[in-house]
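Participant: Spelled out from the first residue to the last, the chains are:
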Amino acid sequence: MHTLDMSTVEVRSVNDTLQAENSTSNKAFLLENPLGAHAIAVGLDAPVHVTVNGSTGYYCAGMNQKATIQVNGNVGPGVAENMMSGTVLVDGDASQYAGATAHGGLLVIKGNASSRCGISLKGANIVVQGDVGHMSAFMAQAGTLVVLGDAGEALGDSIYEAQLYVRGTVKSLGADCIKKDMRPEHVTKLRNLLSQAQIDANPADFTRYGSARKLYNFDIDNAGAY
Amino acid sequence: MCGIVGLFLKNSELHPHLGVHLSDMLSTMSDRGPDSAGIALYSDASPDILKFTVQSSHLQGALDRMAGKTPFAFERKDTHAVVQCPQEDADDLLTVLRSEPSIRIMSVGQSIEIYKEVGLPDTVIDRFGLRDVSGSHGVGHTRMATESAVTTLGAHPFSTGSDQCLVHNGSLSNHNNLRRELIRQNVTINTDNDTEVGAAYLTWKMQQGATLGEALEASLNDLDGFYTFVVGTKNGFGVLRDPIACKPAVLAETDDYVAFGSEYRALVNLPGIAAAKVWEPEPATVYFWEH
Numbered sequence: 001m002h003t004l005d006m007s008t009v010e011v012r013s014v015n016d017t018l019q020a021e022n023s024t025s026n027k028a029f030l031l032e033n034p035l036g037a038h039a040i041a042v043g044l045d046a047p048v049h050v051t052v053n054g055s056t057g058y059y060c061a062g063m064n065q066k067a068t069i070q071v072n073g074n075v076g077p078g079v080a081e082n083m084m085s086g087t088v089l090v091d092g093d094a095s096q097y098a099g100a101t102a103h104g105g106l107l108v109i110k111g112n113a114s115s116r117c118g119i120s121l122k123g124a125n126i127v128v129q130g131d132v133g134h135m136s137a138f139m140a141q142a143g144t145l146v147v148l149g150d151a152g153e154a155l156g157d158s159i160y161e162a163q164l165y166v167r168g169t170v171k172s173l174g175a176d177c178i179k180k181d182m183r184p185e186h187v188t189k190l191r192n193l194l195s196q197a198q199i200d201a202n203p204a205d206f207t208r209y210g211s212a213r214k215l216y217n218f219d220i221d222n223a224g225a226y
Numbered sequence: 227m228c229g230i231v232g233l234f235l236k237n238s239e240l241h242p243h244l245g246v247h248l249s250d251m252l253s254t255m256s257d258r259g260p261d262s263a264g265i266a267l268y269s270d271a272s273p274d275i276l277k278f279t280v281q282s283s284h285l286q287g288a289l290d291r292m293a294g295k296t297p298f299a300f301e302r303k304d305t306h307a308v309v310q311c312p313q314e315d316a317d318d319l320l321t322v323l324r325s326e327p328s329i330r331i332m333s334v335g336q337s338i339e340i341y342k343e344v345g346l347p348d349t350v351i352d353r354f355g356l357r358d359v360s361g362s363h364g365v366g367h368t369r370m371a372t373e374s375a376v377t378t379l380g381a382h383p384f385s386t387g388s389d390q391c392l393v394h395n396g397s398l399s400n401h402n403n404l405r406r407e408l409i410r411q412n413v414t415i416n417t418d419n420d421t422e423v424g425a426a427y428l429t430w431k432m433q434q435g436a437t438l439g440e441a442l443e444a445s446l447n448d449l450d451g452f453y454t455f456v457v458g459t460k461n462g463f464g465v466l467r468d469p470i471a472c473k474p475a476v477l478a479e480t481d482d483y484v485a486f487g488s489e490y491r492a493l494v495n496l497p498g499i500a501a502a503k504v505w506e507p508e509p510a511t512v513y514f515w516e517h
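Protein chains in written order, with our numbering: chain C, 1 to 226; chain H, 227 to 517.
Calculated directly from the structure, the hints in this document are not laboratory data. Treat the numbers as computed from the prediction; the structure is a model and nothing was measured.
If you anchor each label on the Cβ, the simulated ranges turn out as follows:
| # | chain 1 | residue 1 | chain 2 | residue 2 | range |
| --- | --- | --- | --- | --- | --- |
| 1 | C | H2 | H | R357 | 31 to 41 Å |
| 2 | H | T349 | C | K27 | 41 to 51 Å |
| 3 | C | R12 | H | R324 | 50 to 60 Å |
| 4 | C | A142 | H | I331 | 55 to 65 Å |
| 5 | H | D358 | C | S7 | 20 to 30 Å |
| 6 | H | R410 | C | D205 | 53 to 63 Å |
| 7 | C | Q19 | H | P497 | 33 to 43 Å |
| 8 | C | S172 | H | H517 | 34 to 44 Å |
From the structure, some residues in chain C lie toward chain H, with a derived Cβ separation under 10 Å:
| # | residue |
| --- | --- |
| 9 | L35 |
| 10 | H38 |
| 11 | S55 |
| 12 | G73 |
| 13 | S114 |
| 14 | S115 |
| 15 | G133 |
Yeah, the Cβ is synthetic: ideal placement off N, Cα and C, and Gly gets one too.
Sequences are here, hints too, so could you generate the full structure?
Facilitator: Shown next, in the form of structure tokens:
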């Protein structure tokens, strides 16, 4: 385990060290005293394992590829933003737009995520053990958002083809987002995802939501409006 | 952007350290706003005494001229000065203050003092010696100007009522209309700044009999725009975010204090922060603590 103390080493230098690892590296790094700094462990491109001991600021683990990043604390806005692959685990709460525009990989948040979780999601899987705030999965195109707690207002507003599974209550659904049946393939998919996230829950307790496909489809009857 | 901080001390043993904690918190938020900075401090209130914080770009001349007109001494701090008088002499003192056209009254109250200037937080903190001050609670702001010019009077905190102050991250879009309406109600507003209108609105609501909590609730309907507010009163400290809540906010609470920061970074040096309850305030929800 390679330890970097962020009370003495600059963020830029920490990121330089982490980004220098090549695609065969499986080194483990421990980052101590993150002190809420921004952009910790961003742009990684190797299957390294990074543990951040404490809370972070904006954009932790942004643009991640291949790496596993575990945060033992809360994360600020935009955790795992635009993640391509790999895994990001947050022990505490996440601030707004967690996993925004993420294309791939898995983001697990053990606490709550606030507003706009998974906004414009493009293929990643997000599992939130607590609640998510308003406008979560706004314009989400692909991927999955699983919420074990409750969802705030306007869940899945203007959603495309992302899939949403919520175990608790949904305060309100956004435009063109509707409740859908849980077919056997959805139960299987959710069971796999919960297992990957190492969360013990029964897929049968969840409700699936997704696009009614009325808003984003071109409709010949509306041709005059274009 | 803008950065805001607040610290409400529940444990009086920490009162001597209010200035150093609040200064550290504000300094950490410097890169959220380089234009101006300010701090409002609340220290032991005395019911019979009124405190005025005044500011002038030509302060010494004004102080020299006023010295002959009032028996009360001015304690000068850079471009600001604090003068105290018994409640019954407040009108006389106010007349003297108003006789000097360059004098701006930053705050009036039993407890509040406000220090604010153009420049970075560290500069403002040093100029006014804010690390050395004690008190029960305080709020601070570092500004990235959007709605009005970068001037001393455009800096936060804004005080529009006795012992009241407001700091704001965001921008109000209906402030011109609301300013006109408030002026029609005989509310005094001194600047073109949107936040001052927000502060004056809360003061006006409280003059109508609302509690601070009720005034903040009402602002959810009457203020349009983006805001995270931190407000101070003689005994209390409140937080409100607009329903969209894109302006960041973090609260932390221990047995000794409640602390607010635009970011968690602002809180990392507070005593016992590792064991504090840390959370993000919910949108459109009023949070309030009182001594």
